[in-house]
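Listed below, chain by chain, are the residues.
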Amino acid sequence: MTRNGLLIDYEFCTGCHSCEVACKQERNLPVGKWGIKLTEIGPSQIAPDRWEYNFVPIPTELCDLCGERVAQGKKPACVHHCQAQVMEYGPVEELASKMVAKGKKMVLFVP
Amino acid sequence: MGKTEKKWTYEENGYTVVRSCCWSPPGCHPVGCGVRLYVKDGKLVKVEGDPEHPISQGRLCIRCLTLPEYVHHPQRVIYPMKRVGKRGENKWKRISWDEAWDIIADKTNEIKEKYGPESIVVFGGTGRQACLYYYQVAFSGLGSPNMCYTLSGWSCYGPRCGVSNFVLGAGYPEIDFAGFFPDRYDHPGWQLPECIMIWGKDPLRSNPDGLYGHAIVDMMKKGTKLIVIDPRLTWLASKAEYWLQLRPGTDEALALGMLNVIINEGLYDKEFTEKWCHGFDKLKERVQEFTPDRVAEITWVPKEKIIEAARYFAKSKPASICWGLAVDMKPTGTQTAHAILALMAVTGNLDIPGGITLSPPAVLFGVWRSKHDYLPDELWEKRLGAKEYPAVCTARATTHPDLTLDALETGKPYPIKMGWFNSTNLISPTNTAAPDKWYRALKDLEFAVVTDLFMTPTAMAFADVFLPLATFAEQNGVVITNYGLNCIFVGAMNKALQVGECKSDIEICMELGKRLMPQAWPWNTVEECFDSILGDAGLSFNELQEKVVIQMPYEYRKYEKGLLRPDKQPGFLTPTGKVELYSTIFEGWGDDPLPYYQEPPYSPYSTPELAKEYPLILTTGHRSWAFFHSEQRHIRTLREIHPDPIVEIHPETAEALGIKDGDWVYIENMFGKCKQKARLTATINPKVVHAEHGWWFPEKPADEPSLFGVWEANINLLVPHKHIGKLGWGAPFKCMICKVYKAE
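One line per chain: the protein sequences are A and B, in this order.
Every letter in the first sequence is one number past the one before it in the numbering used here, and letter 88, counting from 1, is 88.
Every letter in the second sequence is one number past the one before it in the numbering used here, and letter 212, counting from 1, is 1212.
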């Protein structure tokens, strides 16, 4: 049985919040509720001229991968609107291959 | 990815969908991201990114995603109103458009008769679509020569555009992100920049003027490396090869220091410099004063880093510079811009694939907006500041902002009696230095009109008549990137719905004109007006509407092909036909023809005595994902993401002051004081703090004296009036001094 997931390349996530708000709009979520939530790692200094500053959006229990929307042939709302184009939706096996191919700063969610 | 071409409007699942390009209101700059507007039963229900837009490709920011909340917000003003109380009292009466125009026409004619048309000033703001139209409100409507962009020193875009005009004879130079090409990064003639230097700008959040900010991330994924020059660590800086954390207000020293390294080590493009630059030898002489040692001392950037970054930039090919607001926001903003342009030029990156794109000085709306054919010459000469600051007033066709405030305060050279506040919230800390001075001075106007979408501090304080503006979803309009000063594409704003009786900027402008100066407005509809402007490029609004986006043809190395000058000769549209590293125009105006460094007007070095009481350097105005300047403070979804005004302060500094993360603190200097919430972060120098601009609070009392709490977090109270450059450009919004202490 194939499961679908979200692959996120957090090397290039810029923390633009578009996934959060696109999801809220799609699901009509009120203030205080999130279908996906942006987390911020850093900014912290790890060497004289090196900083860690990353964002990772994490799906919550409210995420159903935009089932109804996807059934209409569309991408999940977060994937569609991501300004850095770091999100990809699809079968877990395919996403895992892409994850391996890129090699770093990738996270695969199966919400 | 397969392309399913959709019409500009279609039906889907019970919605009428309209494809359009964004501009404003609500704000952004003319970047023109593609949207699909979903309308049902006359209501905007949903906004999505349009995947067919060649640049934004379905991507969309949170300000546009929340547009339905903005359009249908309960606080929105959707009918004309007139004030029935005193100025500053929240007492209004709904009127019809006809009644509004009657009041406006009668009052305008009375004031013109009594005091002269020059006693009327149109006040304009920044970034919004109104930037194309507020000139014509003054010149072809009210009949006044005085269009005033109120920001001290015209210090946003002004210095950069001014210098580009004088030194290059061109419009706004922008990084080449393949925006002109339908096949974008796959275009055979395009080259990936090896390096982009991001200077005083956060393009991801600000999407500035014509650059789609995330194009930089696109290019990073393809291998472009960055150098970031910023007092704060941004996400881009954290990924950069070099982050140069300079002391705010020392940018031109850094640019001159880089030129020192590049020129002395022979890393410049000798062919381009010899053939296309004027004054190289003099520039070479000037930069000898800016050794890496001296520049390190001035900027607080380590000498080794300055040298390495300069080499890295010069050796990269092609390379580009993404320059920003910090360049302008200093009295020597002109000199900073000049030095950075020199860097672009001597490294041979102007108008080459993957370098820096150039345009003729203005096209289409960029030309139309400042036409003043119907004003008599003697009236045009009366423009405030036209004699004192020709560099500003001629290049921009406006008043000088600081002299306008002086005139309001003193009545000299003539009294100002009427104000038209065109889509601007100028007493919020966005468009003015010393907003309290503007506030007091503007209270005395005999008559005032405000156009906006919401009651704002500015509308509440001054408006006698309030005219309701349409959002970009509620009008047919045109997006032109960089206001026509570097036109990457033209986009259609396609009307999706009508809300109340709101009208667009151009509709209001045209109706005003037809009332008062009908000879200037031969068109019957705004679309006809657009046709006459777009006709210069062989386009029509209908065609634009159908296509939604039309990219412009682009030719590289125009300077070799005679495409930058009206006489079709090779070279640049400058007095010498070359890039003027040594500016004959600046020389003619009595300024130094070469870039130079000046210490900020207030700093530990220029005012050491004051710095004892105000030991921290204050920089302001970083961009937010959630807001466009003073906008969107009503929008709950966006406030949830960014609830409060934040001042960033280093943890060590905070500890010494007894300040914890999340404490409300006062930021104060000899000019004023405001309150913001502290965020402790090691990404800023311990001697520097950063405070936010634009803040007011729609949830607070509307009436005076509160004016929606506009004075509470108003950082521009700390920025003084008229500390501007010799030619009139530039003001120290991002390089002041202050102290910070806990609020009780």
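Don't take every hint at face value.
[Unchecked claim] Straight line, CA to CA, 30 Å or less: simulated DSS-like cross-link-like pairs of lysine-lysine:
id: 1; chain 1: A; residue 1: Lys75; chain 2: B; residue 2: Lys1239
id: 2; chain 1: B; residue 1: Lys1315; chain 2: A; residue 2: Lys104
id: 3; chain 1: B; residue 1: Lys1315; chain 2: A; residue 2: Lys33
None of these hints come from the bench; they were simulated from the model.
Evaluated hints:
1. A/Lys75 - B/Lys1239: holds, 29 Å
2. B/Lys1315 - A/Lys104: holds, 29 Å
3. B/Lys1315 - A/Lys33: violated, 50 Å
In summary, the structure is inconsistent with hint 3 from the numbered list given earlier, while agreeing with all the others.
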